[in-house]
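Peer 1: First to last, the sequence lines map onto chains A and E. Residue numbering for the first sequence follows the numbering used here, starting at 1 and increasing by one per position. Residue numbering for the second sequence follows the numbering used here, starting at 1 and increasing by one per position.
Be careful, since some hints might not be right.
Stated by the list, open to error - Calculated pairs, DSBU-like style, for lysine-lysine (alpha carbon to alpha carbon, straight line, at most 35 Å): (1) E:K3 x A:K174; (2) A:K593 x E:K106; (3) A:K47 x E:K93; (4) E:K3 x A:K428; (5) A:K435 x A:K174; (6) A:K324 x A:K21; (7) A:K540 x A:K47; (8) E:K93 x A:K593; (9) A:K212 x E:K214; (10) E:K149 x E:K93; (11) E:K49 x A:K212; (12) E:K3 x A:K435; (13) A:K324 x E:K166; (14) E:K199 x E:K214; (15) A:K174 x A:K541; (16) E:K3 x A:K542; (17) A:K324 x E:K93; (18) E:K106 x A:K540; (19) A:K324 x A:K432; (20) A:K21 x A:K541; (21) A:K174 x A:K21; (22) E:K3 x A:K541; (23) E:K214 x A:K593; (24) A:K435 x A:K540; (25) A:K432 x E:K3.
Hint data in this document are derived by calculation from the structure and do not stem from the laboratory.
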Amino acid sequence: MTPIGIAQIVVFFAIVLAIAKPVGAFMFRVFEGQRTFLHPIFRPLEKLIYWICGVREDEEQSWIRYAASLISLSIFSFLLVYVIQRFQGHLPLNPMHFSTPNAPSFATRMTPDLAYNTAVSFMTNTNWQSYSPDTTMSYFTQMAALAVQNFVSAAVGIAVAVALIRGFARHTAKTIGNFWVDVTRCTIYILLPICILATLFFVWQGSIQNFKGPVTATTLEGAAQMIEQGPLASQEAIKMLGTNGGGFFNANSAHPYENPTPLANYVQMILIFSLAAGLTYMFGRAVGDTRQGWTIFAAMALMFLAGVFICYPSEQRGNPIVNKLGIDSSYTGIQPGGNMEGKEVRFGIAESALFATVTTDASCGAVNSMHDSFTPLGGLVPLFNIQTDEVIFGGVGAGFYSMLLYVIIAVFIGGLMVGRTPEYIGKKIEQKEVKMAIIAVIATSFVILGFTALSSVARFPANGYWNPAGAAAANIGNNVAHGFSEILYAYSSGAGNNGSAFAGINANTPWYNLTLGLDMLVGRFLFIIPALAIAGSLAKKKLIPTTSGTLPTTGGLFVALVIGTVIIVGALTYFPALSLGPIVEHFQMLSGKLF
Amino acid sequence: MIKELGPGLRLTIAFTILTGLIYPAVMTGVSEAIFPHQSNGSLIRVDGKVVGSSLIGQSFSRPEYFHPRPSSAGNGYDATQSGGSNLGPTSAKLILGATATDGKGKETVSFDGIEDRVVHYSVENGIPYESSIPLDHFRDAQGNLDDAKLIDAFHDPQNPLVFTPKVPIPSDAVTGSASGLDPDISPANAELQAARVAKARRASADQVKTLITKFTQRPDLGFLGEPRVNVLELNIALDRGFPVSKSQSARASAGHSELAR
Numbered sequence: 001m002t003p004i005g006i007a008q009i010v011v012f013f014a015i016v017l018a019i020a021k022p023v024g025a026f027m028f029r030v031f032e033g034q035r036t037f038l039h040p041i042f043r044p045l046e047k048l049i050y051w052i053c054g055v056r057e058d059e060e061q062s063w064i065r066y067a068a069s070l071i072s073l074s075i076f077s078f079l080l081v082y083v084i085q086r087f088q089g090h091l092p093l094n095p096m097h098f099s100t101p102n103a104p105s106f107a108t109r110m111t112p113d114l115a116y117n118t119a120v121s122f123m124t125n126t127n128w129q130s131y132s133p134d135t136t137m138s139y140f141t142q143m144a145a146l147a148v149q150n151f152v153s154a155a156v157g158i159a160v161a162v163a164l165i166r167g168f169a170r171h172t173a174k175t176i177g178n179f180w181v182d183v184t185r186c187t188i189y190i191l192l193p194i195c196i197l198a199t200l201f202f203v204w205q206g207s208i209q210n211f212k213g214p215v216t217a218t219t220l221e222g223a224a225q226m227i228e229q230g231p232l233a234s235q236e237a238i239k240m241l242g243t244n245g246g247g248f249f250n251a252n253s254a255h256p257y258e259n260p261t262p263l264a265n266y267v268q269m270i271l272i273f274s275l276a277a278g279l280t281y282m283f284g285r286a287v288g289d290t291r292q293g294w295t296i297f298a299a300m301a302l303m304f305l306a307g308v309f310i311c312y313p314s315e316q317r318g319n320p321i322v323n324k325l326g327i328d329s330s331y332t333g334i335q336p337g338g339n340m341e342g343k344e345v346r347f348g349i350a351e352s353a354l355f356a357t358v359t360t361d362a363s364c365g366a367v368n369s370m371h372d373s374f375t376p377l378g379g380l381v382p383l384f385n386i387q388t389d390e391v392i393f394g395g396v397g398a399g400f401y402s403m404l405l406y407v408i409i410a411v412f413i414g415g416l417m418v419g420r421t422p423e424y425i426g427k428k429i430e431q432k433e434v435k436m437a438i439i440a441v442i443a444t445s446f447v448i449l450g451f452t453a454l455s456s457v458a459r460f461p462a463n464g465y466w467n468p469a470g471a472a473a474a475n476i477g478n479n480v481a482h483g484f485s486e487i488l489y490a491y492s493s494g495a496g497n498n499g500s501a502f503a504g505i506n507a508n509t510p511w512y513n514l515t516l517g518l519d520m521l522v523g524r525f526l527f528i529i530p531a532l533a534i535a536g537s538l539a540k541k542k543l544i545p546t547t548s549g550t551l552p553t554t555g556g557l558f559v560a561l562v563i564g565t566v567i568i569v570g571a572l573t574y575f576p577a578l579s580l581g582p583i584v585e586h587f588q589m590l591s592g593k594l595f
Numbered sequence: 001m002i003k004e005l006g007p008g009l010r011l012t013i014a015f016t017i018l019t020g021l022i023y024p025a026v027m028t029g030v031s032e033a034i035f036p037h038q039s040n041g042s043l044i045r046v047d048g049k050v051v052g053s054s055l056i057g058q059s060f061s062r063p064e065y066f067h068p069r070p071s072s073a074g075n076g077y078d079a080t081q082s083g084g085s086n087l088g089p090t091s092a093k094l095i096l097g098a099t100a101t102d103g104k105g106k107e108t109v110s111f112d113g114i115e116d117r118v119v120h121y122s123v124e125n126g127i128p129y130e131s132s133i134p135l136d137h138f139r140d141a142q143g144n145l146d147d148a149k150l151i152d153a154f155h156d157p158q159n160p161l162v163f164t165p166k167v168p169i170p171s172d173a174v175t176g177s178a179s180g181l182d183p184d185i186s187p188a189n190a191e192l193q194a195a196r197v198a199k200a201r202r203a204s205a206d207q208v209k210t211l212i213t214k215f216t217q218r219p220d221l222g223f224l225g226e227p228r229v230n231v232l233e234l235n236i237a238l239d240r241g242f243p244v245s246k247s248q249s250a251r252a253s254a255g256h257s258e259l260a261r
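Looking at chain E on its own, in the form it has when it is part of the complex (with noise of 0.2 Å):
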């Protein structure tokens, strides 16, 4: 045993310079010189200024851009936390949502859960739906939908709140990314948004439907993966082609308030 250890220990420190030093330093050398680009982290500039990744997802919250899915990476998108909510299907939090009680004594919400994201998203998109209890009976002073109240809704356990859309939802509209990071949301979850974002932005509809089938990419090589819609880039064309007035962004905001949440 004794006469291994000399090996043992010059290996340990060969293999450390060959594969952790050399190796990932002429990586980084050629990937540079061939791929620039993508090995900096696919950044997108506008005017000369960093806004994002093509890869990495952000929130959108404002009528104006197409919103992303759900996300459990930080308070959401937050690129240096990334992760999903690892709640399974049992799980009350997932589906029902979760309150706590803040310092002050005020009830918040702590996770939304997927009902109450059924309830935004149709809201958002004015998708028809049935509630058995009115939805205004959630509403705030501002009109603005109180999340915490509608949670407590959905656990009540005489009488829950039971709302459904009448056009089906696509699944990956109310569930989070397993990265918190997805950049893409499917074609069936833009469309039913295009018609918010064209109101918006004083375009029509087919204008904006148009926009998402030219950014819809197609499963690779034809048959890997599913086809999608990266959000950012998306919304960046929108703010090319059909922009927002500062003016019109705010009144925008503040007729909408409840949704940005």
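Just chain A, same shape as in the assembly (with noise of 0.2 Å):
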């Protein structure tokens, strides 16, 4: 490690707690239904979604039809995504031919199972992607169906945790909010200003932001070199803040046009955390006690430093396979030196490490550097954060709820310890809440476990539909243990929603297409239904006064609690397939083995 690069990830966190307040602060109001300085612009284009929708804004839903208007609209998002997908070969603004007889010889084929994939995919806020996009979709299918759902399914996230957050606010309440008024208001008064701001400045940065087809260029040797454009910069602004990560190009934020700069690199970073951070902060204001919000922050930061800065170092001390070849593994102000197999030198080795720390501990997937080719412990870090269900700040909205989860196991653990019943925030902790929580916790690791697990052994006929390659085994791009984790990071970073990739596995096959949307949906509904339950059934709940036996739910302790609480669920759970994987392979290149 460098004081250069240490410098890089200390201002980056400062950043993000300078503008958790302001940012937790303005959602507030906003969900609230206070008037803000954007009201002036805003205001009348809310109340024509509303009219568009027949919705009124001033009725309230119990968390049985929040939950129904949260499957509704998720159905007819999944339904359009699939079909601008389908029929993209009809509709405009596709000036590489793609899904048409004129389509380039590197074109991929839109199949039924990847548009099912990929539309389960953006629904869900995962955005894993089973296709190269620079080879598979129209601009229309980007902006049009994959970029919109970056807004909605982002905009849902938040919507389940302030209807969480409701529900320990309020008391003897028979609603949680209503889920469209809440839906339009994040959209339309968070994601959009912000959006509109980030897009100028990756443009000014260099990000590309047109209708035209391809550049073809003469280079100075005289190959021709065509270069795709697109609407790129609107889609990275959402792609970023919606915590979304499904890139316009193959690359994600390490193509150049995606991530031009380390001063635009910096600031995808600073959105991916900015709304969940916020989030933790309007907690604290709703609950009435901002220390229960700097708590869980608190529980959240120590979680993200610990992450990079175990893979920030091992990844500058680089691969001593490669080192011993002559190569200069020690960074000397000139040159990066670490393990740059898959990094780019704009980035160097410490802004590719908090990219990926970051981009793993939120729910984002956006990655600057091919964590695929990551040192087995630099590597370790994603995944880990991953199969935490990703509550280090986590994903818009799905990061603060998960955590929420986590926060009421660990009160009830605490209740057992000192013998009383558990309470959060004037709230008796019981039997539905608990069980609610564990569902949500156990769903994700059985199926990860599990389709890891199936996907590890199953074969199937050689150039059949399911799998051409035959066994599920053969799409794996690195052999032993390494690929072994290919497996393993697919499936996590699917129920994790999280969409980033070990991308040497093919996964586009119908196999990997339809367990990877089922494990994709597991993730997501298994987490928003429980936590919905759990706010209607706290809503409903009397507020009990503290009392001197009552466990205090903010300070050190209570924050060791936690971090104990999702380290031993997410290890425990995950230790010895993360054995077989990264750990084993640790040891094998410190033996110098190959494979």
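If you follow the hints, you should be able to join the two separate chains into one complex; please do so.
Peer 2: Structure, rendered in structure tokens:
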């Protein structure tokens, strides 16, 4: 590690800390329906949307209606994205002629299983990409199907978090808010205005934003180089802010058009964490005790810093097998050293390791370096982060409601230890809440480990429909332990709704598209529905006064209890699988073995 | 549930129009008005013709040009196939390279690998080295290095070829980037190439090094990211400052044909 690298990490964290309060306070006003400085411009648009949708702004919903509304929006989102993909050959803005007879020879076919997987992926805020966008998606599909879901799925996640916060903030109430209103306000007052500014910033830094076809350049050595164009920056902004992470190009935020400069890279990382950090403050504000919010922030911050300070030195030390070939592995000020395979020169080691940690702490999944080429311990950090269910700041909304489920488990354990009925923020935590929280945690580990095991052993007829390569394990791009990590990472990323990959695996076959689709649906909805059920149940409860016997849920002790819960539930569940992947690979690398 | 279907459909359509059509269209209009150069791809024109983009790397193999990093985008710097190698740290393919047999039974290189890149980088740039087997052993009739033979030698389980440069090679010079389109190299990488470029252009090494310094970008805001040299911009400046005549270029290429991989 170098002083300048550490400075980049520390300053980044300081910025996240500094913006948590203003962002959270603004979000609180928006979701309370209070007037903000944006109302003169956007209030008419908000009203127009309610009128179009036939929604009454002042009507409140029970948790069941809230969940039904959410599922309704998700179903139509899925259908529209599926249909646009399947018909993209007949739709406008398709300069590369994908899905038409004039498609270039390198184009990927838009099969039903790929369109299904992609529609699920973007609707669930995962943005797993079985395809390479460069060779598959028209501009129209990217902007009118995929980028729209970047907004919608982010707003849905935040709405669920807001509903759960209301569950704690309200008492003896039957309702938890109105889903349509929450989603609309989130999109219009929070996502859209920030995205407009971020788009212009990214274009200034060098991102493209046009509707032109590819440009063919004649290089200095006389070769032809076709350079694809498109409406990229507008999608890039929401891709980061909404913690979606689905790249406009295959290389994602490593592509120089998506992430042209280290400064743009820094802003991308801040966008990823901004709303999730703000939600912790908003929570404290809503329950009338900001220390509750800062306690959760502290637990997240410690886990974030631990992750980045494991990943960064591992990558900077590099790969001993490569280093002994006469390669300068140490940072010298005029070259980055370390493990540069799959990393960009402009970002170097520190910004690549920081980005990898941030994108997997949150459920973003954008990448500015190829995680598949990380050292084993460097790659273990993103994998572990995803397997905690992404509660370290986490995806917009999703990270926060998942964290609250862990908090419920933590107070339950704490209650057992002190021998009293567990309470959190003046609410009794009873059987129903704990059951719901456990369902969510178990369901994701069940699909991750189950599908990983299945794909490690499943065999299909070679050249058949399900997996033309035959065995599902034949799709991996690396051998032995690292190949196993690719499968484990894929299903972890799917169920965690992350979307990043150890991308050497070929996941565009009906088997992987189907199972990863299911994996994403479970990871999304078996978290959301229990979270809403808890919100409904808590809202009904009476507020109970704090007594001397109440376990304090602010301060260092509780931070430790929450972190312990996240790590024990995460580590104990996945430790055997991680031992077969990155951990064994670490020792193979140290002993110089190649596969 | 049925009652919720109506708003669900209408909101999906309303958001598609707002965030899927109006938003990108307006952002395109504003971007083209304020930042037309960037929004259209930061294209560079020489004599009115587009020669590339300052953000998108391109292949260079002639000795008179600075060379970019190895690339896994298509057959190298294919801007329609961005991506990295996705090979892990214990991959034999990444370290030692891989060969395949083509239709005519001839062994060809399918992935060059870091060891092979170290050999080429050292030989091209005149970096002293030690080799357990003399490199002449791997040259074909024209005197070019045969990469398939080299890769086989690295894989040899009994007596593998051990090749060690005596000057440490910058890590970015022999590893592939994440995008396969990395427009930059590290200043250290550029400096090691300076002597070769200067010789091919009949310029002095100091003149070329001055140009490298001029084209070295510092970290953003003084501390973000890494110092870097944009290969295409540097090479255009070389063509302007120290032009190579056509015949000289042809001679140089013939003399160094092993470099034109």
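Peer 1: Each hint needs a verdict: does it hold in this structure or not?
Peer 2: Results for each hint:
Taking the CA atoms of E:K3 and A:K174, the gap is about 19 Å. The hint holds against a cut of 35 Å. Between the alpha carbons of A:K593 and E:K106 the distance comes to roughly 29 Å, so the proposed pair stays at or under 35 Å and holds. For the hint pairing A:K47 with E:K93, the CA-to-CA distance comes to about 59 Å; that exceeds 35 Å, so the pair is violated. For the given pair, E:K3 sits about 33 Å from A:K428 by alpha-carbon distance, which is consistent with the 35 Å threshold.
With a C-alpha separation of about 21 Å, the suggested pair A:K435 and A:K174 falls inside the 35 Å cut-off, and the hint holds. At roughly 48 Å between alpha-carbon atoms, A:K324 and A:K21 are farther apart than 35 Å, so this suggested pair is violated. Distance check on the hinted pair: A:K540 and A:K47 sit about 30 Å apart at the alpha-carbon level, within 35 Å; holds. For the given pair, E:K93 sits about 12 Å from A:K593 by alpha-carbon distance, which is consistent with the 35 Å threshold.
Taking the CA atoms of A:K212 and E:K214, the gap is about 33 Å. The hint holds against a cut of 35 Å. Restraint check for E:K149 and E:K93: satisfied, since their Cα atoms lie roughly 15 Å apart, inside the 35 Å limit. Our distance criterion of 35 Å between C-alpha atoms is met by E:K49 and A:K212, whose separation comes to about 17 Å. Annotation: proposed proximity of E:K3 to A:K435 holds, straight-line Cα distance about 29 Å (limit 35 Å).
Our distance criterion of 35 Å between C-alpha atoms is met by A:K324 and E:K166, whose separation comes to about 12 Å. Between the alpha carbons of E:K199 and E:K214 the distance comes to roughly 20 Å, so the proposed pair stays at or under 35 Å and holds. Proximity of A:K174 to A:K541 is assessed by CA-CA distance (about 10 Å); at most 35 Å being required, the pair is judged to hold. At roughly 31 Å between alpha-carbon atoms, E:K3 and A:K542 fall within 35 Å of each other, so this suggested pair holds.
Between A:K324 and E:K93 the alpha-carbon distance is near 17 Å, which keeps this suggested pair within the 35 Å criterion. For the suggested pair E:K106 and A:K540, the alpha carbons sit about 76 Å apart, so the restraint of at most 35 Å is broken. Distance restraint check for A:K324 and A:K432: the Cα-Cα separation of roughly 57 Å exceeds the 35 Å cut-off, and the hinted pair is therefore not satisfied. Pair hint A:K21 plus A:K541 holds up; C-alpha atoms about 29 Å apart against a cutoff of 35 Å.
At roughly 30 Å between alpha-carbon atoms, A:K174 and A:K21 fall within 35 Å of each other, so this suggested pair holds. Only pairs whose Cα atoms come within 35 Å are accepted, and E:K3 paired with A:K541 is accepted, the gap being roughly 28 Å. Of the supplied pair hints, the one linking E:K214 and A:K593 is violated, its CA atoms being roughly 43 Å apart against a limit of 35 Å. Distance restraint check for A:K435 and A:K540: the Cα-Cα separation of roughly 17 Å lies within the 35 Å cut-off, and the hinted pair is therefore satisfied.
Taken as a hint, the A:K432 and E:K3 pair is honoured in the structure, with Cα atoms around 28 Å apart against an allowance of 35 Å.
Hint violations for this structure: numbers 3, 6, 18, 19, 23, all remaining hints satisfied.
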